[in-house]
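Start from the sequences and build out the full structure, keeping to the hints where you can.
Residue-level listing of the chains:
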Amino acid sequence: MSDAKRHHPNYLAIWAWLFVLTLVELGVAFLTIFSKETLILILIGLAIWKALLVALYYMHLRFENNRVRIMAIAPLPLAVIMVIAVITEYVW
Amino acid sequence: MTHAHANVMLPPAEAEAGSGVYNEKLGMWVFLASEVMFFTALIGSYIILRFGNPSHWAAPGEILNVPVTAVNTFLLICSSVTMVKAFAAAQDGDQKWLKNWLLATTLIGATFVGVQVYEYLQLAHHGFLPGGYVEGSELAEAAAAGEAFKGGPPLPASVALYGATFFTMTGFHGFHVTMGVICMSFVTFKAFRGAYSVTDHRGVEVIGLYWHFVDLVWIILFTIVYLI
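Top line first, the protein sequences correspond to chains D and R.
Counting from 1, position 17 in the first sequence corresponds to residue 17 in the working numbering; the numbering is continuous, with no gaps.
Counting from 1, position 167 in the second sequence corresponds to residue 1167 in the working numbering; the numbering is continuous, with no gaps.
Keep in mind the hints are simulated off the structure, nothing from the lab.
Predicted model only: the values in this text are computed from it and were never measured.
Among the hints, a few may not be true.
[Said to hold, decoys possible] Each pair of labels, with its calculated beta carbon distance range:
{"hint": "1", "chain 1": "R", "residue 1": "R1050", "chain 2": "D", "residue 2": "V24", "range": "21 to 27 Å"}
{"hint": "2", "chain 1": "D", "residue 1": "P9", "chain 2": "R", "residue 2": "K1190", "range": "24 to 30 Å"}
{"hint": "3", "chain 1": "R", "residue 1": "F1051", "chain 2": "D", "residue 2": "H8", "range": "42 to 48 Å"}
{"hint": "4", "chain 1": "D", "residue 1": "Y90", "chain 2": "R", "residue 2": "S1185", "range": "39 to 45 Å"}
{"hint": "5", "chain 1": "R", "residue 1": "F1031", "chain 2": "D", "residue 2": "H8", "range": "22 to 28 Å"}
{"hint": "6", "chain 1": "R", "residue 1": "N1023", "chain 2": "D", "residue 2": "L41", "range": "22 to 28 Å"}
{"hint": "7", "chain 1": "D", "residue 1": "V20", "chain 2": "R", "residue 2": "F1175", "range": "34 to 40 Å"}
{"hint": "8", "chain 1": "D", "residue 1": "V20", "chain 2": "R", "residue 2": "R1050", "range": "27 to 33 Å"}
{"hint": "9", "chain 1": "D", "residue 1": "T38", "chain 2": "R", "residue 2": "F1186", "range": "30 to 36 Å"}
{"hint": "10", "chain 1": "D", "residue 1": "I48", "chain 2": "R", "residue 2": "F1051", "range": "33 to 39 Å"}
All C-beta atoms, glycine included, are put in the ideal place defined by N, C-alpha and C.
The following block contains the structure:
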């Protein structure tokens, strides 16, 4: 085990994904074929996709034990609640 | 009395061996959890101010230079891959590439900050500041002539909100990158002195977690500040 090199995830493939998704974001943002609401949903979806790639592979959450994962995920419900709370200010 | 005091301090169970991670990493994750809420507060304020704003909100590219920032986004993504490659090199005990990748990450990170400073200077030159546009500036004249804003000229207060939220969010992110570059320089310096081995390269992983988090925040900010 100590002599063999560790197996690493394909970090360059993740980089390529992030690059391509950024190009897609730029393309979508300046297209005029979507309504504003659809555009926002697509762009937020792409951003979350990219953020997940970074968190899962570059920050290794995909390979971590559950205690670390729970710690990383813990603030997210609070963040979501906060964002929903302020958006309701606008919607209603 | 001292005896009674000691009894109060008795733990309810034997101390156990942590969460399976070393202290520095645990500390970094706890810090990052607080950072999530820090940036969520900024984004929440942005949502309130943007949707509560009385007139046209500058559309993507109307004030900001999106191509320059797109290049900067690309740079930050590249610095994340160089960072994770440095970590992989540390795991493999590859000292040469550990140093190379760390040096590359530091330089690319510093370039990101440099481009952001350039962006701010350009915006200030055109008359866009945290308080909105400067009277008599290029941007103020274009706004008055109805050339700068496709959705109709915004109220000055609206541009001031736009300026305040833009500079606050990108400024705090830039500050994080700057701190990252300073810490990364320190880690790189230590790597050149041979401080990291296959069995102990905690510093590389911990700075890496911070660095990827700052990249992750930029992914979100780039979308909501520049593209929406």
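Evaluation of the provided hints:
1. Separation of R1050 of chain R from V24 of chain D is about 24 Å and conforms to the stated range, judged on CB atoms against 21 to 27 Å.
2. At roughly 25 Å, the beta-carbon separation of P9 of chain D and K1190 of chain R lies within the given 24 to 30 Å, and the hint holds.
3. The supplied range of 42 to 48 Å is met by F1051 of chain R and H8 of chain D, whose beta-carbon atoms lie about 44 Å from each other.
4. Taking 39 to 45 Å as the suggested C-beta distance range, the pair Y90 of chain D and S1185 of chain R conforms, at roughly 43 Å.
5. For the hinted restraint 22 to 28 Å between F1031 of chain R and H8 of chain D, the CB-CB distance of approximately 26 Å keeps it satisfied.
6. At about 41 Å, the CB distance of N1023 of chain R to L41 of chain D disagrees with the hint of 22 to 28 Å.
7. In this structure the supplied range 34 to 40 Å is violated for V20 of chain D paired with F1175 of chain R, their Cβ-Cβ distance being about 29 Å.
8. Between V20 of chain D and R1050 of chain R the beta carbon distance is about 29 Å. The supplied range of 27 to 33 Å therefore holds.
9. Evaluation of the 30 to 36 Å hint for T38 of chain D and F1186 of chain R yields a failure: the beta carbon distance comes to about 46 Å.
10. Range check, I48 of chain D to F1051 of chain R: about 20 Å between beta-carbon atoms, so the 33 to 39 Å window is missed.
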